[in-house]
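Residue numbers (the numbering used here), protein chains in the order written: chain A, 1 to 284; chain B, 1 to 354.
If you're looking for bench data, these hints aren't it; they were derived computationally from the structure. Every residue, glycine too, gets a C-beta built ideally from N, C-alpha and C. Worth double-checking, as some hints may not be accurate.
[Said to hold, decoys possible] Stretches of chain B that chain A covers, calculated by requiring three or more beta carbons in the stretch to come under 8 Å of a beta carbon on chain A:
{"no.": "1", "stretch": "75 to 84"}
{"no.": "2", "stretch": "221 to 235"}
[To be verified] Computed list of chain B residues with no C-beta within reach of chain A, every gap over 12 Å:
{"no.": "3", "residue": "Ala49"}
{"no.": "4", "residue": "Met186"}
{"no.": "5", "residue": "Phe350"}
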Amino acid sequence: MTVVAARTPFWRKPSVLPGFGLSMGLTLLYLGFIVLIPLAAMILRAAGLSWDEFVGVVTDPRALAAYRLSFGASFVAAVVNIVFGVLTAWVLVRYEFPGKRFVEGLVDLPFALPTAVAGIALTALFAENGWVGQILAKAGLKVAFTPLGVVIALVFIGLPFVVRTVQPVLQDLDKEVEEAAASLGASRLQTFRHIILPAILPAALTGFALAFARALGEYGSVIFIAGNLPMKSEIVPLLIIIKLEQFDYAGAAAIGVAMLTAAFVLLFMINLLQRWSRSRIGAF
Amino acid sequence: MHIDVRNVTKRFDSFTAVRNLTLDVRQGELVALLGPSGSGKTTLLRIIAGLEHANEGQILFDGDDAVARHVGERRVGFVFQHYALFRHMTVFENVAFGLRVAPAERRMSNTDIKNRVMSLLSLVQLDRLAARYPSQLSGGQRQRVALARALAIAPLVLLLDEPFGALDAKVRKELRRWLRRLHDDMGLTSIFVTHDQEEALELADRVVVMNQGAIEQIGTPDEVYNTPATPFVYEFLGNVNKIPCTIANGAVNLWGLAVTAETVDGAPVPAGSAAGFAYVRPHDIEIVAEGTQRAIVRHVGAAGPTARLELEVAGVHAPVEVQLIRQAFLDLGLKVGQTVAITARAARVFPARS
């Protein structure tokens, strides 16, 4: 009698699920075409520059100012969204009110709207002669054509992410757990702070990461409201476009690579943070 | 603590979960709320805890109106059916939670909290697992954490919702015994909800049998089992044979035993001839050498301390169950297919509900 050795390769755990080879192969092929090859091409383009040239382009004061604005405004917008996104999700999950469906629809609107349309609308609203801009101008606050305007546009396009990631988690939250906290004498605030918040934190962080990533890459809505003053209200994607228009493809690619690296590192860090907060919860 | 439930009614939209219910639980008692699902037992427990608000009626704790008091102020320990542990906290932090959220002026020092939590954990035999998370515990261990957490706030009343529902038979039995001891040692007043009659009969001082939001019967386990007040209690508690019969002038002759018919609410038994049901426990049926009623043995289950027979009786649709002690069964030497004569030792007859 011969013993047939299991022919599972060492890097694979034996599994009853069929189709690993096919589905994994397709996934890799797909990701390769859609993500890796374009990114590799960009890096290859940037490699046309010498190291000194590359550093020169990437650390140009105008580029540095653009990074600061892009990352700073995206971060601020994501922070604003995590606060109001959680609040919105809370309201949508916990309360019944007339027009709830309408509000649900409103939340998704920034997904569906062409961002340029949003940009024009926001600019019209916040310009010094616009509805809101007029009022703010009296208070001495200038929004349109300043970094603040950039933040507002990024808040707008990032809104759905936190709401849509937190909402299902909040929905699945066991009501009994809150009742248990109440029966042990916790106030509503203590229950929220110690019980609900830790439970929705991983989802909120995911939403934050998505909103942040989306904001980094946003172009359409920002360029209308930003005013695009070099060193002041110019975002990185715009800088890249400007370089492309000047046929400086290598320079555009170099800034793209810098942006890509920074974004990757940041998202990776957020991922670690998420993993840490999730590991503290554990699934039943 | 003496708990007084007075004329409580609770409605959910069109559904009435608890209707005009009155119940008295004395200090130190361990009471079981027993009933099928949907009988309102959990709702009643939640109303007593303050997790649910009654539409009508009063809840008195030692004579004081408890309705005005928030759930957190009632000094009620509530153990949830699915434990409702805080997943992101260790076992220690779960138990400490009630102590940590106390208002600053009443809060214990950290050392006191630590001592109290550790003594509770050793009480539930989980002191070695204090640093674990709930997801790393077995069902029985989670249950004990939930109990320790509820006991941390030094409650006067312990309320348990199907406390052993999700556990396997052996763990269940152990925890049951252990809960009884805990209840007695701590001088608590406890109410637990269950749909498991065995649990209620074994553990409780008094059993409250509920059906459709109302109480069918309150009594000691012995009372509710041996003298059920209503057909519902008969059918819900223990095995029983329901034999259709005809009541003639308020009485029935059941297999040679004369039984007087009775009604649930004390109303007069209909005169003349009326349809009714006789309730006979399986161990109250006797197999005799000679009798008026014949039956055919259809099934014999001889494993265990008692033998279980299923008989076919003319005019009775369902098989009639009989329980014999083992020796009696062996002496009779019964076989499947054999024809025997039966009689009843005790039975009760209720008119059919019209």
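- Beyond 12 Å from every chain A Cβ: check whether that's true for B:Met186. Since the minimum Cβ distance to chain A is about 17 Å, B:Met186 lies beyond 12 Å and the statement holds.
- Query: When you look at the beta carbon of B:Phe350, is every beta carbon of chain A farther off than 12 Å?
  - Reply: holds (40 Å)
- Message: The output says B:Ala49 does not contact chain A. Does that hold with a beta carbon cutoff of 12 Å?
- Response: Violated, because the least Cβ-Cβ distance between B:Ala49 and chain A comes to about 6 Å, which does not exceed 12 Å.
- Given as covered by chain A, does the stretch 221 to 235 of chain B meet the bar of three residues or more with CB within less than 8 Å? violated (count 0)
- Query: Under a C-beta cut-off of less than 8 Å, do 3 or more residues of the stretch 75 to 84 of chain B approach chain A closely enough to confirm the stated coverage?
  - Reply: Result for this restraint: holds, n = 7.
Going through the hint list in order, the structure does not satisfy hints 2 and 3.
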